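Number of protein chains: 2
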Amino acid sequence: MAPRREQEIFSATLGLLAEKGYEGLTVEGVAERSGVNKTTIYRWWPSKAALLAAALIEADVLTLDPPDTGSLRGDLEALVGQVAALLTRPPAADVAVAALGAAVHHPELADVARRFFADRLAREERVFERAGRRGELADGADPMMIMDLLGGAVWLRVVFRGLPVDEGFAAEAVRTVLGGVSPERPRDLD
Amino acid sequence: MAPRREQEIFSATLGLLAEKGYEGLTVEGVAERSGVNKTTIYRWWPSKAALLAAALIEADVLTLDPPDTGSLRGDLEALVGQVAALLTRPPAADVAVAALGAAVHHPELADVARRFFADRLAREERVFERAGRRGELADGADPMMIMDLLGGAVWLRVVFRGLPVDEGFAAEAVRTVLGGVSPERPRDLD
Numbered sequence: 001m002a003p004r005r006e007q008e009i010f011s012a013t014l015g016l017l018a019e020k021g022y023e024g025l026t027v028e029g030v031a032e033r034s035g036v037n038k039t040t041i042y043r044w045w046p047s048k049a050a051l052l053a054a055a056l057i058e059a060d061v062l063t064l065d066p067p068d069t070g071s072l073r074g075d076l077e078a079l080v081g082q083v084a085a086l087l088t089r090p091p092a093a094d095v096a097v098a099a100l101g102a103a104v105h106h107p108e109l110a111d112v113a114r115r116f117f118a119d120r121l122a123r124e125e126r127v128f129e130r131a132g133r134r135g136e137l138a139d140g141a142d143p144m145m146i147m148d149l150l151g152g153a154v155w156l157r158v159v160f161r162g163l164p165v166d167e168g169f170a171a172e173a174v175r176t177v178l179g180g181v182s183p184e185r186p187r188d189l190d
Numbered sequence: 001m002a003p004r005r006e007q008e009i010f011s012a013t014l015g016l017l018a019e020k021g022y023e024g025l026t027v028e029g030v031a032e033r034s035g036v037n038k039t040t041i042y043r044w045w046p047s048k049a050a051l052l053a054a055a056l057i058e059a060d061v062l063t064l065d066p067p068d069t070g071s072l073r074g075d076l077e078a079l080v081g082q083v084a085a086l087l088t089r090p091p092a093a094d095v096a097v098a099a100l101g102a103a104v105h106h107p108e109l110a111d112v113a114r115r116f117f118a119d120r121l122a123r124e125e126r127v128f129e130r131a132g133r134r135g136e137l138a139d140g141a142d143p144m145m146i147m148d149l150l151g152g153a154v155w156l157r158v159v160f161r162g163l164p165v166d167e168g169f170a171a172e173a174v175r176t177v178l179g180g181v182s183p184e185r186p187r188d189l190d
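Chains as they are written, first to last, in this note's numbering: chain A, 1 to 190; chain B, 1 to 190.
Keep in mind that the hints were calculated from the coordinates and are not lab data. Hints are not guaranteed to be accurate.
Unchecked claim - 25 Å max Cα-Cα, derived DSS-like pairs, lysine-lysine:
| # | chain 1 | residue 1 | chain 2 | residue 2 |
| --- | --- | --- | --- | --- |
| 1 | B | K20 | A | K20 |
| 2 | B | K48 | B | K20 |
| 3 | B | K48 | A | K20 |
| 4 | B | K38 | B | K20 |
| 5 | A | K38 | A | K48 |
| 6 | B | K38 | B | K48 |
| 7 | A | K48 | B | K20 |
| 8 | A | K20 | A | K48 |
| 9 | A | K38 | A | K20 |
Stated by the list, open to error - Listing some non-contacts, in silico: residues in chain A with all C-beta distances to chain B over 10 Å:
| # | residue |
| --- | --- |
| 10 | T40 |
| 11 | W44 |
| 12 | G70 |
| 13 | P90 |
| 14 | P91 |
Just so we're clear, the structure is a prediction, and the values are computed from it rather than from any experiment. Just so you know, even glycine gets a beta-carbon here, dropped at the ideal spot from N, CA and C.
So that you can see chain A by itself, here it is in the shape it has in the complex:
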């Protein structure tokens, strides 16, 4: 399938998800909105969940461009900013919050969420490889743990506490994870 047509299908899929929720998302609806025949869509993606998984991972709107600022601190602050934007700025926020909310309620979407986060971690790992080469990471530091702490904090702050996440939050979250909160060591490396 031509990449441009594929993006049109993904865009229709995510638009319908954001507007109508997972219950209201149908392959018929995607066919109608994208102007692509329903049987063509089914030939590429055998189910609604498969189509949604592909759209979440490959749609341009949710693409993660791993930052390369020259320092682990800068890269992590940029990643926190990307997660915050994903959860707060339309149209990505409507899609991301609808998809992640749906994953909680629909067991058949659990695998979609898993694949989405595995894909993002694979991209984010470049940040940690570069940091490792620059000697900025302690031995045994775990990229998944670092991203779960930072990404989870953004989710909790934005979605559950309803509080804003700004550059000050990103700097403080990253400072905490890089330096820790124990007094035995100075917290700020700058």
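Please arrange chain B on chain A, whose structure you already have, making use of the hints.
Same frame as chain A, but now just chain B:
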């Protein structure tokens, strides 16, 4: 209202939420299941959202008993374990995941989620007050940030990645937040 009767209403509210979702939760249903008159329920809680907020914050099933192990590390590991249990062990997990999932989709529940997390943080703050008195916290360390990093990581790992969260996870998450991942300082304080 008698505390025991109140707990019966809360239990009916959370049970219906877990079984039928927020859409399927009605004050009629709560009245039927708890055997308490509908008008009595409305006299105490003027809306479905108000009833759910009270149930989430005051029901015994979700009560948070802040740990007091004698060290910040021990207390934080216990708190991570409590959050993990809340999100994985029935019946609390069915309630918590349904409530938090619903908060994503229903703007009128945003305030309920905010109150739930504010209430929990107020309880958790005792852990940080004791740690501060013991000299275990760096100046300026922010309890809300620490809890959002740790609680968010559990949420992301359990709900979105579908991965288990065990004692090893709790220890590693707490070690990361206490000691940081920068190599300038040894990671393990033990």
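*Looking back at the numbered hints, which does the structure fail to meet, lowest number first?*
Of the numbered hints given earlier, the structure breaks none, since each of them holds.
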